[in-house]
Amino acid sequence: MKIKLLESNDGRPNATSSRSTRFLGICLVLGIPVLILFAFVFSPKDDTMEDAVRLLYIHVPVAIFSYIAFGVTAMGSIFYLWKQSRWWDTTAHASAEIGVIFCGLTLVTGSIWGRPTWNTWWEWGDVRLVTTLVMFLIFIGYLALRQVPASPHVRAKRAAIVGIIGTINIPIVNRSVEWWENSTLHQQSSLTDGNLEDLTLFTWFLGTLILAIAYVWLMIHRFRVGWLSTEYESLGYGAAIEERKAEADLHAGTRSGTTEEGEVE
Amino acid sequence: MEFRDAWSIALKDLRIELRSRILMNQIAPYTLLIVVLFGFALDANTQTLRDTGPGLFWVAVLLIALLAIQRAVKIEEDDAARERMLLTPVHSPSVFLGKSIALFIQLFALEILLFFVMLALFDLSVEDPLLIFLSAVLATIGIASSGTLYGVIAAGVGVRETLLPILLLPVIAPIAIGATRAFGDSFGRVDADGWAWLGLLSVFAVVYTVLGMLAYGQLVEDA
Amino acid sequence: MEFRDAWSIALKDLRIELRSRILMNQIAPYTLLIVVLFGFALDANTQTLRDTGPGLFWVAVLLIALLAIQRAVKIEEDDAARERMLLTPVHSPSVFLGKSIALFIQLFALEILLFFVMLALFDLSVEDPLLIFLSAVLATIGIASSGTLYGVIAAGVGVRETLLPILLLPVIAPIAIGATRAFGDSFGRVDADGWAWLGLLSVFAVVYTVLGMLAYGQLVEDA
Amino acid sequence: MNDVIDLREAVVTLGKFPALTGVTLKVTQGEIVTVCGPNGAGKSTLLNLCAGLLPVREGSAYVLGENLRENRRAIRQDIGLLGHKSGLYDDLTVEENVTFWGSMVRAGNDEIAEAIKFMGLDGRLRKVLVRQLSAGQRRRASFASLVVQRPSLWLLDEPHAALDTDGRDLVDGLIQEAAASGATVLLVSHAPKELSSPSGRFVTLAGGRVTSDINNEGSGDGVS
Amino acid sequence: MNDVIDLREAVVTLGKFPALTGVTLKVTQGEIVTVCGPNGAGKSTLLNLCAGLLPVREGSAYVLGENLRENRRAIRQDIGLLGHKSGLYDDLTVEENVTFWGSMVRAGNDEIAEAIKFMGLDGRLRKVLVRQLSAGQRRRASFASLVVQRPSLWLLDEPHAALDTDGRDLVDGLIQEAAASGATVLLVSHAPKELSSPSGRFVTLAGGRVTSDINNEGSGDGVS
Ligand code: HEM
Ligand SMILES: Nc1ncnc2c1ncn2[C@@H]1O[C@H](COP(=O)(O)OP(=O)(O)OP(=O)(O)O)[C@@H](O)[C@H]1O
Ligand SMILES: Nc1ncnc2c1ncn2[C@@H]1O[C@H](COP(=O)(O)OP(=O)(O)OP(=O)(O)O)[C@@H](O)[C@H]1O
Ligand SMILES: [Mg+2]
Ligand SMILES: [Mg+2]
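Protein chains in written order, with my numbering: chain A, 1 to 265; chain B, 1001 to 1223; chain C, 2001 to 2223; chain D, 3001 to 3224; chain E, 4001 to 4224.
Please keep in mind that the hints were generated in silico from the structure rather than gathered at the bench. All residues carry an ideal CB built from backbone N, CA and C; glycine is no exception. Where hints are given, some of them may not hold.
Claimed, not checked - Simulated DEER-style distance windows between Cβ atoms:
id, chain 1, residue 1, chain 2, residue 2, range
1, A, 25, D, 3070, 37 to 45 Å
2, B, 1011, D, 3182, 53 to 61 Å
3, A, 71, B, 1203, 55 to 63 Å
4, B, 1109, C, 2207, 34 to 42 Å
5, E, 4207, C, 2089, 34 to 42 Å
6, A, 232, D, 3106, 27 to 35 Å
7, D, 3015, B, 1109, 35 to 43 Å
8, E, 4055, C, 2004, 29 to 37 Å
9, A, 115, C, 2003, 48 to 56 Å
Extracted from the complex, chain A is given alone in its bound form (with noise of 0.2 Å):
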């Protein structure tokens, strides 16, 4: 494999931003702004959840995305198990750590939506929260084997098998709520019901939106960060083989003539 330098196409430093990066993120300022007026202005209230509804537009998103963020890293995996490229392994891990947050955050917003609407934070017989809390701790232990001392190889093909095994529990989390209806708090598609109204549901795609750019916006930047970082582990490598050459040296007179006085006797 060859040694690439920490320098991109033009020649300078190698950094995470790109022009389309930049891009990217304007976008994001911008259109986070506006998702906030839609969410807490434009949008009407609930009849029964009244404001809490609002929690739908970050709640839902972020729950589609760990899932989608999840898909990748199992993707990522499948990919490095049958190229074997450091490519795949970064976009696993890359995506695997966001999928983490986008989770946590799903988690953490679903909590705080429970309190109002079901006056609790938590339920542990509902199987939707219960799965979706399985697949963060799953996604949890692949980051934590991400970080144990091994050859990076050995490491990615490890965590390979784990994130795609993680990600088996995906459809089961997904049609939870269809599969044990009786043990479940929680909404059902109320999106697909179309009894939304065309305000609430224009949000909803706009927080969508907003997350995909901010999906992949993390995704650039932590695969570069990834990809960077396995690129400096290898900078020293041409010092450290020289050096570890220069070892020889010192030994020479010694060992040589160790080996002389075995072939005379």
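Please arrange chains B, C, D and E with the ligands on chain A, whose structure you already have, making use of the hints.
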């Protein structure tokens, strides 16, 4: 993959377990202790205990499984037997299968013991023995195969003792939940549809066994 | 007995723990997991959870303590460091104290973390912070010193992983019960007299520490 | 092609550390090659590389005709590696251990019994747990579980370590016999002069590369 | 009394097995005694007995003037034992390990730094985790943690094992120096002829008892 190899490996693991008598002298009493411990934690009357019986049973099984898996990994690691195995013509699916079978047998034996203890202590009555039996078998297959797989993932990193629970528990927790519901139904306590949960358990059992046979080789390759 | 030796030994243990980052990367998440696991097992509403909060806290601490003690014994056993220690002029009470201090610090750090997680998850409110603090400190001293003592009893027998829980749990269960009652009082949930339980905890703390300092030497003597 | 081992500028890193910094080494079938070198030179790493247990980072590496950069698994079953650790199960007896490893490498019962006897482990020791063996007895048991394999490439890391004089003679005989029957032997030794046949080929490793490679002719080990 | 070790018909059992069946051995101060014998003869057991780590079942055993049947602890701090295992912590660096053991035996910082340097572990290796060392480097680290102790009775189980030629010379020098400065050395070796001074006293153990005890005069090691 040769089944004969798998069987030799399973026998070897079982023989080691019997030799060190961990199963009878140690894990069995530990099992009892866990049940008692939960009694303390709940600090509740028999009725509560009875209702949560199936849950306790499976949590106890999870903890025992962790211990058994740690042991199974340790015996391979202690003197580099894992690397030695790589230098034989044995296919890794056989190794996986062998170690899973040994784990299954040990866990199942303990579950039978635990089951009768709980039955007596918590004053439960079985309404659907077939459902109990099938769900225990399927859940144990799932636990044994995912445990063997994760055991090797956590192996050789020097921090296995603590890494393994973190990786494994969330993965086998859904199995335990499914089995709990199936048990609950068999005891006539929960109005869950036990047979539907059995479906979930068989999915886990199949998925982890197949995945394990595929992935195990990848994992042990780099010693 | 020289306190300086004890401190060197404690530092060494803590350094090894920090080096392997088990505390932060693994036991801490495991702590969370245990809480979750109990949630499953109880399958109950928040009210029940709230009532059993203190009990759950201490059962979780016990299980974590087991892991931490296993680690502490393992690092001495791995390459015969225990025998090496015998051939130094260090008195065994110092060794005992050093290892207990390291264990105490690790457990206490984890308890703080666990405490705040439980506080948030189970919606508890503290009525008597001093009682909480004191009972946690005393109970942890008791657990750390009895754990260190039993750790060395189970050491070197090749089946430590499973022997230790069996020996230790019955011994520290009373400590956990005492601490649970004291906590229950501090949360204003149980009408137990928390300060009376505190007395019990201090008895345990003192007894195990003294006993440990006396007995440790006897136990490690025959390597 | 008769080169059993053919390494060219092979680099192996352990963690970040380049344990082998570019090893070039050719070993033909039937040769007995002794690897010497100071502690930490990379001798054990070299053996692990040849066993296909470590990835090659740079350079090329062919063992038994297989390219290790592409497929490290294919060759493994033909390799017998005696490392610093024994690869035995502490809680099984000597006989159970050798029988288990024998069945893993498809050895017959006769071969197993013979290997145990050959290493001087019959009699009382046969039924003793490996956990209770002395250092040298354990090493003998490890050897026995290797002998049943009849590998075509022997990689021996300090085969004399912990063995008594008899044991050393046994092992030396074994090595000669293996080479005579067409197998290849790569062994690490810190005291080459002490080997029974101090002639043959000596490769010195230092700083992760070969610093000398001397062949004292007249050994007659090479077959074909 | 100048007898550092004085065993009479000492019997030691490991489990039910009588590893030493009646050893009679006298070693005076300043002597270097080499113990040889086949694998499983009881050599390691003899060293562990002299270190006060094993109970004496029959016979009498005095080490450094203490009766081991009465008090096995008193002598331990004056004894340096290098066994088959290293007694190091895998997750600490070489320097941290030696410093820790140094502080346990009340060695000064200078002595610690010197021991590390003496065993050739300064430079890069100082900050490497013991887990990552090669077999010989680990053995050197183990030696360093012994050197800081400056014991008055050295019990060395195959001190040459895993060491390269330099290392062996270092260790031989160390042994001579220790004996010259009044310490006593009991070492186990499978290849006594390979020791730098093959003169001195050789004790052969077999079947758990002493079968020969030969003193090649003219070594000049004994200081009395
Ligand atoms: C900690 C508590 C909660 C967690 C872990 C959680 C988790 C999730 C997850 C994972 C999804 C994505 C489901 C999917 O698309 O398949 C989701 C969707 C949703 N959640 Fe929550 N949630 C929580 C609390 C709440 C609360 C309190 C409400 C409102 C009362 C709520 C309302 C919704 C709605 C309306 C959706 C969109 C449903 C759909 O279109 O499928 N959630 N939640
Ligand atoms: N993770 C690591 N970090 C730093 N150095 C390492 C690491 N792993 C191994 N090393 C170094 O790589 C080398 C490994 O060499 P190897 O075990 O092959 O030596 P060897 O020639 O077999 O030595 P010995 O004669 O002592 O057995 C040692 O110098 C060791 O310190
Ligand atoms: N529990 C036991 N049961 C049966 N035999 C045992 C037990 N423990 C030890 N032994 C035997 O006691 C002897 C121990 O000898 P020891 O370890 O002292 O040998 P040694 O002379 O150091 O040999 P080596 O040169 O191989 O290191 C061995 O023969 C071993 O098989
Ligand atoms: Mg080596
Ligand atoms: Mg020995």
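Hint check:
Our hint of 37 to 45 Å for residue 25 (chain A) and residue 3070 (chain D) holds, since their Cβ atoms are close to 43 Å apart. In this structure the supplied range 53 to 61 Å is violated for residue 1011 (chain B) paired with residue 3182 (chain D), their Cβ-Cβ distance being about 34 Å. At about 19 Å, the beta-carbon gap between residue 71 (chain A) and residue 1203 (chain B) misses the expected band of 55 to 63 Å. Checked against the hint of 34 to 42 Å, the C-beta distance between residue 1109 (chain B) and residue 2207 (chain C) comes to roughly 38 Å, which is consistent with it.
The beta-carbon spacing between residue 4207 (chain E) and residue 2089 (chain C), approximately 36 Å, falls within the hinted interval of 34 to 42 Å. About 48 Å separates the C-beta atoms of residue 232 (chain A) and residue 3106 (chain D), a value inconsistent with the hinted range of 27 to 35 Å. Between residue 3015 (chain D) and residue 1109 (chain B), the C-beta spacing of about 41 Å keeps the proposed range 35 to 43 Å intact. Separation of residue 4055 (chain E) from residue 2004 (chain C) is about 31 Å and conforms to the stated range, judged on CB atoms against 29 to 37 Å.
At about 50 Å, the beta-carbon gap between residue 115 (chain A) and residue 2003 (chain C) stays in the expected band of 48 to 56 Å.
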